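Participant: The residues making up each chain are set out below.
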Amino acid sequence: MSAESATPLTAPRPAKPKPAIPSGVLGVLIFIFTEIMFFSGLISAHTIVKSQAAGQMWPPYGQPRLPVGETALNSLALLVSGIVLVFTWFAFKRDPERARIPLLLSIVLGSVFVGFQGVEWVALLSEGLTMQSSAYGGFFYLIVGSHAIHAVGALIALIWAYDRSSKGLLTSTQLGTVSAFWYFVVLVWPVLYWQVYL
Amino acid sequence: MMRVGMSTLLAFLALSALPEALWACPVCFDSSDENRQAFLATTIFLSILPLGMVAGAGIYIRKRVRGSRKNPANTK
Amino acid sequence: MLELVQASTYAADIDRLILFIGVIVGVWFLLAEGIFFWLIWKFRAKPGERTQYLDGTEKNVKKWITIPHALVLVCDVFILVGAVSVWYDVKQQLPDADSTIRVIGQQWAWTFQHPGADNELDTSDDIFTVNDLHVEVEKTYHFQLESRDVLHSFSVPVFRLKQDAIPGRSITGWFTPTRTGEHDVQCSEICGIGHGVMAARIHIEDANTHAAWITRSSAATTP
Amino acid sequence: MAETLAEVQKQEVHGHDHDHHDQGFVSKYIFSTDHKIIAMQYLFTGMLMGVIGGYMAYVFRMQLAFPGISVPGFGQVSPGEYNSLITNHGSIMIFWVAMPVLIAAFGNYLIPLMIGADDMVFPRINRLSFQVFFISSVVLLLSLFVEGGGFGGAWTSYPPLSASGDYNLTQLGASLWLIAVALEFVAFLLGGINFITTLMNSRAPGMKAYDIPMVCWMIVIASILFMLSVGPLLAGAVMLLFDQTLNTGFYDPARGGDPILWQHLFWFFGHPEVYVVLLPAIGITVDVMATFSRKKLFGYKLVLYTAVATGVLSFFVWAHHQFIAGIDPRMANVFTVTTLLISVPIAEMLFVMIATLYGGSITLTTPMLWALAFLAEFLIGGVTGIFLGASGADIYFHDTYFVLAHFHYTFFPIAIIGTFCAFTYWFPKMFGKMMNETLGKIHFWGTIIPFNFIFIPLFVLGMGGQHRRIYNFEHFPEIAGPEYFQLRQIATIALLIMLAFQVVFFFNVVMSWWKGEKAGKNPWKANTLEWTTESPPPHGNWPVEELPTVYRGPYEYGHPDREEDYWPQNLPG
Numbered sequence: 001m002s003a004e005s006a007t008p009l010t011a012p013r014p015a016k017p018k019p020a021i022p023s024g025v026l027g028v029l030i031f032i033f034t035e036i037m038f039f040s041g042l043i044s045a046h047t048i049v050k051s052q053a054a055g056q057m058w059p060p061y062g063q064p065r066l067p068v069g070e071t072a073l074n075s076l077a078l079l080v081s082g083i084v085l086v087f088t089w090f091a092f093k094r095d096p097e098r099a100r101i102p103l104l105l106s107i108v109l110g111s112v113f114v115g116f117q118g119v120e121w122v123a124l125l126s127e128g129l130t131m132q133s134s135a136y137g138g139f140f141y142l143i144v145g146s147h148a149i150h151a152v153g154a155l156i157a158l159i160w161a162y163d164r165s166s167k168g169l170l171t172s173t174q175l176g177t178v179s180a181f182w183y184f185v186v187l188v189w190p191v192l193y194w195q196v197y198l
Numbered sequence: 001m002m003r004v005g006m007s008t009l010l011a012f013l014a015l016s017a018l019p020e021a022l023w024a025c026p027v028c029f030d031s032s033d034e035n036r037q038a039f040l041a042t043t044i045f046l047s048i049l050p051l052g053m054v055a056g057a058g059i060y061i062r063k064r065v066r067g068s069r070k071n072p073a074n075t076k
Numbered sequence: 001m002l003e004l005v006q007a008s009t010y011a012a013d014i015d016r017l018i019l020f021i022g023v024i025v026g027v028w029f030l031l032a033e034g035i036f037f038w039l040i041w042k043f044r045a046k047p048g049e050r051t052q053y054l055d056g057t058e059k060n061v062k063k064w065i066t067i068p069h070a071l072v073l074v075c076d077v078f079i080l081v082g083a084v085s086v087w088y089d090v091k092q093q094l095p096d097a098d099s100t101i102r103v104i105g106q107q108w109a110w111t112f113q114h115p116g117a118d119n120e121l122d123t124s125d126d127i128f129t130v131n132d133l134h135v136e137v138e139k140t141y142h143f144q145l146e147s148r149d150v151l152h153s154f155s156v157p158v159f160r161l162k163q164d165a166i167p168g169r170s171i172t173g174w175f176t177p178t179r180t181g182e183h184d185v186q187c188s189e190i191c192g193i194g195h196g197v198m199a200a201r202i203h204i205e206d207a208n209t210h211a212a213w214i215t216r217s218s219a220a221t222t223p
Numbered sequence: 001m002a003e004t005l006a007e008v009q010k011q012e013v014h015g016h017d018h019d020h021h022d023q024g025f026v027s028k029y030i031f032s033t034d035h036k037i038i039a040m041q042y043l044f045t046g047m048l049m050g051v052i053g054g055y056m057a058y059v060f061r062m063q064l065a066f067p068g069i070s071v072p073g074f075g076q077v078s079p080g081e082y083n084s085l086i087t088n089h090g091s092i093m094i095f096w097v098a099m100p101v102l103i104a105a106f107g108n109y110l111i112p113l114m115i116g117a118d119d120m121v122f123p124r125i126n127r128l129s130f131q132v133f134f135i136s137s138v139v140l141l142l143s144l145f146v147e148g149g150g151f152g153g154a155w156t157s158y159p160p161l162s163a164s165g166d167y168n169l170t171q172l173g174a175s176l177w178l179i180a181v182a183l184e185f186v187a188f189l190l191g192g193i194n195f196i197t198t199l200m201n202s203r204a205p206g207m208k209a210y211d212i213p214m215v216c217w218m219i220v221i222a223s224i225l226f227m228l229s230v231g232p233l234l235a236g237a238v239m240l241l242f243d244q245t246l247n248t249g250f251y252d253p254a255r256g257g258d259p260i261l262w263q264h265l266f267w268f269f270g271h272p273e274v275y276v277v278l279l280p281a282i283g284i285t286v287d288v289m290a291t292f293s294r295k296k297l298f299g300y301k302l303v304l305y306t307a308v309a310t311g312v313l314s315f316f317v318w319a320h321h322q323f324i325a326g327i328d329p330r331m332a333n334v335f336t337v338t339t340l341l342i343s344v345p346i347a348e349m350l351f352v353m354i355a356t357l358y359g360g361s362i363t364l365t366t367p368m369l370w371a372l373a374f375l376a377e378f379l380i381g382g383v384t385g386i387f388l389g390a391s392g393a394d395i396y397f398h399d400t401y402f403v404l405a406h407f408h409y410t411f412f413p414i415a416i417i418g419t420f421c422a423f424t425y426w427f428p429k430m431f432g433k434m435m436n437e438t439l440g441k442i443h444f445w446g447t448i449i450p451f452n453f454i455f456i457p458l459f460v461l462g463m464g465g466q467h468r469r470i471y472n473f474e475h476f477p478e479i480a481g482p483e484y485f486q487l488r489q490i491a492t493i494a495l496l497i498m499l500a501f502q503v504v505f506f507f508n509v510v511m512s513w514w515k516g517e518k519a520g521k522n523p524w525k526a527n528t529l530e531w532t533t534e535s536p537p538p539h540g541n542w543p544v545e546e547l548p549t550v551y552r553g554p555y556e557y558g559h560p561d562r563e564e565d566y567w568p569q570n571l572p573g
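Chains as they are written, first to last, in the numbering used here: chain E, 1 to 198; chain B, 1 to 76; chain Y, 1 to 223; chain L, 1 to 573.
Incomplete in silico selection of chain L near chain Y, CB under 7 Å:
1. G80
2. Y167
3. R294
4. A332
5. L340
6. Y358
7. S391
8. I395
9. R469
Everything labelled a hint here was simulated from the structure, so no lab data went into it. Keep in mind the model is a prediction, meaning the values are calculated, not measured. Yeah, the Cβ is synthetic: ideal placement off N, Cα and C, and Gly gets one too.
Just chain E, same shape as in the assembly:
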């Protein structure tokens, strides 16, 4: 061992700073930034294609209208699920045990949203709106489908968190990581709803 590489134990050792954001949460945040850009790309594409639709007919002639009202109600379920998750966080801070029920509620509401969206898809498909039928249909399934994949992924993560919490193993970083992603799924939805449905 050369003298240079060893730090004498007597030297004042600066303290290792505590990270501003825990690594797990930070990683998910960076990932969310990328995801936001992904959805921005989709929305930009949608805006451009919509803008040049023939005669400004959007949706194009002969294509079914989207169920604006029903989906608005359904979106409410998703938003409430997000709000419940906020309460979960504060409950967890006080007592991890108490966080389990709001977490479950949040999962159920999220599942309701995803399930109802699925029902809506089946109905629209039978009405003749498919990815191939027009750019309108293509973008609808692409954007809403991308969101659905993220929602399902986030739900699986939430269920995993619930599983850990029922075993008493859930840490606050884990809950923060998982809920950060669910917040993203919840908060990006109103934007998509505004762009695609309205």
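Since chain E is already given, all that's left is putting chains B, Y and L on it; use the hints.
Facilitator: Positioned in the frame of chain E, the structure of chains B, Y and L alone reads:
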């Protein structure tokens, strides 16, 4: 950082010094106006968004770090 | 150097702009490389000599960065003015046309629709040619650029002109040939396996030859 | 690939690993979560892909200089094969060589070592990143051998050509190519999350923001740029893939789509991507230059801020690739302004590099030669970019060989010179042996001189009006003259010479690895933390009780308060 600001300022000055006529577009009659505006809007949107996000995150982290230095108990 | 003739009104402008940029960046380039190699030679390792401890924040040292920095910015502004004025002239304004042609790209050939004797497009006497564009010298042309399948790019190097053709759109541009001759038209946007053979010729003719060509072609295409 | 690497490495690392409990061969080298092993996997996969990309360049350059001949080692080149070769050469060199080597390999290897961490924050995500990358390489190579051949629509893959098998005649190849690129992006997304988080959260105690070595900063800034720019392209890629496979019409104007849309999304990523690979290369050369001129970096904050400014501006310049693509001509004016502006921070970075040499004591070792060559050659790439950023001149230069020569003068210094610079500089750390200097210098000159003879003629050809991606110029009478062919032949022969000299490099690597001189901990007398541990570093990088603490910046060379001309970051006092 000041220098970047100066560069931007100079660029804006250079731009505004160019005659207004440069914004005329006699060859633009082939595609619809909405389409051109959509391209412009999404260009601005896509370009600004990442910078806004990073700036926001940067400011937030700075605040957290400052806050934890002042009051280490806070971050626990 | 390979010389390429200037055959349109704006070819000389573009060449002048290129030369102008070339001089500016050339000076910068030679200066930077010169100082760079001089420093390498001047400060080569000599035994026993200590290096200077400069961290570049002192004002009198920092000026070696700040001054060139400002100069680069000034040069940029000059280049910008030159570039934008040429761009405006070529792409953003549209002088009145003596004649309008249509250029249609498809895999892998160019179709040219000439207005024919009545000098109007989309009439019965239009002359369609494949891979041969006939224009008259000193006449201002508008072209409408279209594509039937994929992206193509209409490029006439002697005109210094280039514009992509996009399916579903018609893009308008202009040129005024200034000297007679026969030159290449290239496709400069990859368009499939035949991209390399998508060559056309542009025939720039004087008034008599062009009129004779119109008569000849009209006779040939009249049903 | 991983197996051969692992086999060679086994003898190497094994000696240092006594205290480490014995893992199986597979779990240790193929499914390892150690950042150094993953870095090696990236490095060697990247180099292998580089050899493939070089072979492709050889084949199509032969076809261009001697049209119609049967190329030795390939045979007759058909137009379809030519298109496929140039497309995949471009994709491989950017996505499978520059990115994995500069960012993933050196980022993985250097970031934990240089900031005094024992590993990445998410080692398993790191491993997953390489696995996804490896699959993407396999998919790409597979796409070359499917029915119809590899994709031939250029690396930019503009639809409608890329969107339909009717147009590109390589239905399956196009889809596989796109899937490979998308997977590759996913791999770097995973890697990028790791780099950014690691730099932010696992620095050694005492290491403040301005004590981080420049190469780490640059790789992380590049990762941030990548993460923020790749999303829209992924969205576009999904749409393109649906167009190809599900017969949707996102890019089909006949069905309400828009072909320009792809260019919009592609270049939003495509231009920041240039800076994604440029910044790590600049970081590497800055570090090497400081070490071998024994000088403090001239303006640490200046370099950092200009890098950030470059990153910011890079989001505003991308439409300069589309000047003549049918976008609104007024947009071109705005993008000309921003494009010329971005020359300022880049120029400033180069000025700082030049100023760092001032007052130094320069030793021309092989890594230093590479670093200096980076600067000298990149300057050419930089100044020729001004012609293309100026919209008026771009009307003529767009898609000519001038563009091609320009970006090779940027990408070659970045990807090839930068890689060799980093590789020769950190080779002693990676493998514990010194490289042979004589062979290294022969390789250096044998690469740099032919390189200029390849691309200077191409500048001239571009000015003469020769366009890109044309497999045989004999169809264009004006550019088929003998003086044109002479220039093409000069370029091709120079390429052959350059490729031949790469043999020296591989010979040097093998020989030095096998029986090179032992390197010791700090052969270059450098300051940064990676030189304070064993060469090669053990698992965990430092023994736990010896994890370093940082007391000063990374570039304290020639400090007046110290007798030696260097002052390692971990020394107290």
